[in-house]
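From first to last, the protein sequence lines are chains Z and P.
With this note's numbering applied, the first sequence corresponds to residues -8 to 85, in that order.
With this note's numbering applied, the second sequence corresponds to residues 1296 to 1547, in that order.
Treat the hints with care, since some could be wrong.
[Said to hold, decoys possible] Short derived list, chain Z residues pointing at chain P, Cβ under 10 Å: (1) Trp(-4); (2) His18; (3) Ala19; (4) Pro20; (5) Arg27; (6) Asn28; (7) Arg30.
[Said to hold, decoys possible] Straight-line alpha carbon distances no greater than 25 Å define the calculated DMTMM-like cross-link-like pairs of lysine to aspartate or glutamate that follow: (8) P:Lys1424 with P:Glu1489; (9) P:Lys1424 with P:Asp1486; (10) P:Lys1427 with Z:Asp21; (11) P:Lys1427 with Z:Asp67; (12) P:Lys1424 with Z:Glu38; (13) P:Lys1427 with P:Asp1504.
[What the hints assert, rightly or not] Listing some non-contacts, in silico: residues in chain P with all C-beta distances to chain Z over 10 Å: (14) Leu1330; (15) Leu1344; (16) Val1357; (17) Glu1364; (18) Glu1373; (19) Glu1416; (20) Asp1434; (21) His1435; (22) Ala1479; (23) Val1501; (24) Leu1523; (25) Ala1533; (26) Ala1545; (27) Arg1546.
Treat the hints as calculated values from the structure; they're not laboratory data.
Ideal Cβ positions, reconstructed from N, Cα and C, are used throughout, including at glycine.
Take a look at the letters that make up each chain.
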Amino acid sequence: MSRDWPLWEVFVRSRRGLSHIHAGSVHAPDAQMALRNARDLYTRRQEGVSIWVVPSSAITASSPDEKDPFFAPAADKAYRHPTFYDIPSEVRNL
Amino acid sequence: MITQPALAGYALQLGDDALIMAQRLGEWVSHAPELEEDVALGNIALDLLGQARALLTYAGEVEGRGRSEDDLAYFRDEREFTNLQIAELACGGFGEEMARQLAFSSYQFELYQRLQESRDETLAAVAAKAVKEVAYHRDHAAQWTLRLGDGTEESHRRMQAGLTRVWPYTDEMFRPDPLGQALARDGLAVDAPELRRAWADYVATVLHDATLAWPQTAAAPGGGRQGLHTEQMGHLLAEMQYLARCHPGARW
Chain Z
-8 MSRDWPLWEV FVRSRRGLSH IHAGSVHAPD AQMALRNARD LYTRRQEGVS
42 IWVVPSSAIT ASSPDEKDPF FAPAADKAYR HPTFYDIPSE VRNL
Chain P
1296 MITQPALAGY ALQLGDDALI MAQRLGEWVS HAPELEEDVA LGNIALDLLG
1346 QARALLTYAG EVEGRGRSED DLAYFRDERE FTNLQIAELA CGGFGEEMAR
1396 QLAFSSYQFE LYQRLQESRD ETLAAVAAKA VKEVAYHRDH AAQWTLRLGD
1446 GTEESHRRMQ AGLTRVWPYT DEMFRPDPLG QALARDGLAV DAPELRRAWA
1496 DYVATVLHDA TLAWPQTAAA PGGGRQGLHT EQMGHLLAEM QYLARCHPGA
1546 RW
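Just chain P, with the same shape it has in the complex (with noise of 0.2 Å):
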């Protein structure tokens, strides 16, 4: 029974990286190259969205305080996010939109796959079927990262760029986090740092493919397991929570 605060400390964790990075695909939506484009990332974030839903509404019932997915996702703050900061980021240009996309859905991948293992019926069943959305997400990456990098000039030297830029936040997708580790003992959630492997065998393969090269950058503080965020994250908030705060109980 001491899993239980843990439990819910962790579906929350993988809720809120699905929330925040739908949150900042929609924004794609009417901004990208290509109006097939732009739905192609919003059918992405909503796939996103509905993980969070499941994910933050069972967070809520583990937690037992009566907290439900809108009060989760709208009346929290900043500091009670424990999202990864990669998911964050503001949006740069496609091909750095790409790189996130590549970065982040491969390691949704590699942990979905293993949590659908999960001895939580709960998680292991959300897993079984996000882990068919999010092999599409990083198809969808990998079929533009190697069109961008092994495009033209110009295309190669912006996908370049874009994972120049994200790469930094990659390190943190893979630290131990104390609630991953102490339920991975129980067989119920995934220790981050053994995806690490599997996630960089994928995407060196894809970045080798594209004729781009692995970034040597070095690995940015992070802290968003623990609440602590770029400055990006409040602004993201802000546009997210507005609405709900300033008429809760709003419904369509």
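The shape of chain Z in the complex, shown without the other chains (with noise of 0.2 Å):
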């Protein structure tokens, strides 16, 4: 049966103010199930307060071949990095 359930990425916002960040996947036969089997398998411990599921077939991913011209030049740009900057200890999530 799983052949014909389609696979969903499942991204879970812990808490308001905060990104969904990406928690796995799941099997469901449609949205509305992805979201309720996402919730059993990503947040009943309080994990959560907000769900995206996107069906795994809509990501276009980069591939690891391409890991050097996508990320390598960022290695020696320092400048780019803030972190010159002093940051109050109140902000937190920064």
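Take each chain as given, in its own frame, and dock them per the hints.
Below, the structure written as structure tokens:
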């Protein structure tokens, strides 16, 4: 039956103000059931306040072969990193 | 004070419903159509087990004979269990299970919703927590009923057959019971017959949307509230109580 049920990627937002973060994936016959399966698998220990499900087939991913052209040029440009600022201690989740 | 034995008996009825349904649902783990559904049914079973623990513990307290939740769950015999028979029916196919879940969780939903207003603080608190859980159980069953009923010819046939098998046991949920009736007069409990209409309205809407027919079946004799059970109950208890009785006091 797995052949019939498509795969869905699950994104969970743990608190208001944070982004949805990829939690994993579930099989489900449609989007509504995918939401429910995701709720059962990824939020039963109070991990979330919001869930997104996206058909896995709708995701375009970068390929490992493209790793160098995609990511290597970022390595030696320290001036792009905001590490020279002091972050006030009251600001969380930055 | 004459209400104490009635209150204990009533909490036991609701606790037994939840306990026996939890035990049955647990059987689905590793047998459901998909891993995700194993988890869903297992979650529902755990919700029900939580309700059963609270209700049996309370029944034991009110009864005042020093019986714990474990004593009540593992060391009573079949005739002392007062659950509705619909909870104990052996698991059939998935469609049949969804038919049972639809009927049973819709019943629990209407019951707990009203029981939140109970003048008994413990029953009201248990109901307030449980009604949110049961709303999800009901939705889960309704979602599947819609998909199977309005799915393929084969899924429709199986879902309808499941309803036909389960429906004779739904009448028992709404029969007047002396305990519930007496306590309801004092605002402590919910009188079962008053749930029938709201239950039927909800279930009829789901069946209609799922292109399924309301089963025209005769009511089963029932008697679960009086400790009369179907043949399948003894097998269920044997499995549920075996460990506790072979190894009294066993712990994880």
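Here is what the structure says about each hint:
1. Interface hint at Trp(-4) (chain Z): satisfied, since its Cβ lies 6 Å from the closest Cβ of chain P, which is below the 10 Å cut-off.
2. The closest approach between the C-beta of His18 (chain Z) and any C-beta of chain P is roughly 6 Å, which is under the 10 Å cut-off, so the hint is satisfied.
3. Because the smallest distance between the Cβ of Ala19 (chain Z) and any Cβ of chain P comes to about 6 Å, under 10 Å, the interface hint for this residue holds.
4. Checking Pro20 (chain Z) against chain P: minimum C-beta separation of about 7 Å stays under 10 Å; hint holds.
5. Interface restraint check for Arg27 (chain Z): the shortest CB-CB distance to chain P comes to about 6 Å, inside 10 Å, so the restraint holds.
6. Because the closest C-beta pair between Asn28 (chain Z) and chain P is about 4 Å apart, less than 10 Å, the hint holds.
7. Contact between Arg30 (chain Z) and chain P, as hinted, is supported at the beta carbon level, the nearest pair being about 8 Å apart and thus within 10 Å.
8. The suggested pairing of Lys1424 (chain P) with Glu1489 (chain P) holds, with an alpha-carbon distance near 22 Å, which does not exceed 25 Å.
9. About 20 Å separates the Cα atoms of Lys1424 (chain P) and Asp1486 (chain P), which keeps this hinted pair within 25 Å; it holds.
10. For the hint pairing Lys1427 (chain P) with Asp21 (chain Z), the CA-to-CA distance comes to about 24 Å; that is within 25 Å, so the pair holds.
11. With a C-alpha separation of about 53 Å, the suggested pairing of Lys1427 (chain P) with Asp67 (chain Z) is violated against the 25 Å cut-off.
12. This hinted pair checks out: Lys1424 (chain P) and Glu38 (chain Z) have alpha carbons roughly 19 Å apart, not beyond 25 Å.
13. For the hint pairing Lys1427 (chain P) with Asp1504 (chain P), the CA-to-CA distance comes to about 24 Å; that is within 25 Å, so the pair holds.
14. Under the 10 Å C-beta cut-off, the non-interface status given to Leu1330 (chain P) relative to chain Z is violated; the minimum distance is some 7 Å.
15. At roughly 14 Å, the least C-beta separation between Leu1344 (chain P) and chain Z is larger than 10 Å, which holds for a residue marked as non-interface.
16. With 10 Å as the threshold on Cβ separation, the claim that Val1357 (chain P) sits away from chain Z holds: the shortest Cβ distance comes to roughly 31 Å.
17. No beta-carbon of chain Z comes within 10 Å of the beta-carbon of Glu1364 (chain P); the shortest separation is about 23 Å.
18. The Cβ of Glu1373 (chain P) lies farther than 10 Å from every Cβ of chain Z, with a closest approach of about 32 Å, so its non-interface assignment holds.
19. Listed as a non-interface residue, Glu1416 (chain P) keeps its Cβ farther than 10 Å from every Cβ of chain Z; the least gap is roughly 25 Å.
20. Here Asp1434 (chain P) does not stay apart from chain Z, with its beta-carbon only about 8 Å from theirs, under the 10 Å limit.
21. The Cβ of His1435 (chain P) does not lie farther than 10 Å from every Cβ of chain Z; its closest approach is about 6 Å, which violates its non-interface assignment.
22. Every C-beta of chain Z lies more than 10 Å from that of Ala1479 (chain P), the closest at about 34 Å, which supports listing it as non-interface.
23. Every beta carbon of chain Z lies more than 10 Å from that of Val1501 (chain P), the smallest distance being close to 14 Å; the non-interface claim holds.
24. In this structure Leu1523 (chain P) is separated from chain Z by more than 10 Å, as the shortest Cβ-Cβ distance comes to about 35 Å.
25. Every C-beta of chain Z lies more than 10 Å from that of Ala1533 (chain P), the closest at about 30 Å, which supports listing it as non-interface.
26. Interface exclusion of Ala1545 (chain P) from chain Z stands, the closest Cβ pair being 27 Å apart, more than 10 Å.
27. Listed as outside the interface, Arg1546 (chain P) is consistent with that label: its C-beta sits roughly 24 Å from the nearest C-beta of chain Z, beyond the 10 Å cut-off.
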